[in-house]
Amino acid sequence: MTVRVQYFAILREQRGVAQESLVTEAATAGDLYEELRARHGFTLPQERLRTAVNDEFAPWTTPLREGDAIVFLPPVAGG
Amino acid sequence: MFKISPEPIDPAVLARELRDPAAGACATFEGWVRNRNDGRAVVALEYEAHALLAEREGGRILEEALAKFPIVKAVCAHRTGALALGDLAVWVGVAAEHRGAAFDACRYIIDQTKLRVPIWKREHYADGTVDWINPAERKAP
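If you read the sequences in order, they're chains Z and G.
Straight run, no breaks: the first sequence in the numbering used here ends on number 79.
Straight run, no breaks: the second sequence in the numbering used here ends on number 141.
Calculated directly from the structure, the hints in this document are not laboratory data.
Treat the hints loosely; a few may be bogus.
Label pairs and their in silico Cβ distance ranges [unchecked claim]:
no., chain 1, residue 1, chain 2, residue 2, range
1, Z, His40, G, Arg16, 31 to 41 Å
2, Z, Glu47, G, Arg34, 22 to 32 Å
3, Z, Glu47, G, Met1, 45 to 55 Å
4, Z, Val17, G, Ala25, 31 to 41 Å
5, Z, Thr43, G, Lys68, 31 to 41 Å
6, Z, Arg39, G, Ala15, 47 to 57 Å
7, Z, Arg65, G, Ala15, 38 to 48 Å
To give an idea of the interface, some chain Z residues facing chain G are shown, with a C-beta separation under 10 Å as derived from the structure [said to hold, decoys possible]:
no., residue
8, Ala9
9, Ile10
10, Arg12
11, Gly16
12, Val17
13, Gly30
14, Leu44
15, Arg50
16, Asp55
17, Glu56
18, Phe57
19, Val71
20, Pro74
21, Pro75
22, Val76
23, Ala77
Because the structure is a prediction, the values reported are computed rather than measured.
Cβ coordinates follow ideal geometry from the N, Cα and C atoms, glycine included.
Whole structure, please, built from the sequences with the hints as guidance.
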């Protein structure tokens, strides 16, 4: 299936793009992060991040579907 | 109203949204860009946000504050983009019948915003280096 992934902050820097469409066999958002972490060498472990699927915060176990928009959110630092 | 603002924040405009005849107290908090962080000299910084999720999560925080404390209105705005030393990074305002709840809710909103809202900070240091801030790696809270 094809999904769209958006990157922010340190993940965007480490990936080198702000967003991309990609083909994956990952079953869940968590599986997709691990696949991309292995491919791109992201330094943050999954447990330090949150994920959002289709513009809503979602658990890592969320199953992925064709056309989903996934965001990986690094540790926040507002204020 | 929780607003992510790429433009400078105007506290006077936001404070007008708090006006209410039932309110006898108003507490506000301003977060400013400071010249030092974690022992390093900071010269400027950038904030980046996932605006949609940030405004949604920030809105939830304001709803929680309205449910937890006897307050009348609450507003928060957070800057994104490039900021200089002394610039206003975040503004929180709470109107309440009495001051105690106004202070408590103001504290709750800024604390939860720092913990939960998807906003990221990239500091520029005097030695020319830059770094994304990861709160878990820092000594100070």
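Query - Hints not upheld, ascending by number - result: 1, 3, 4, 11, 12 and 13
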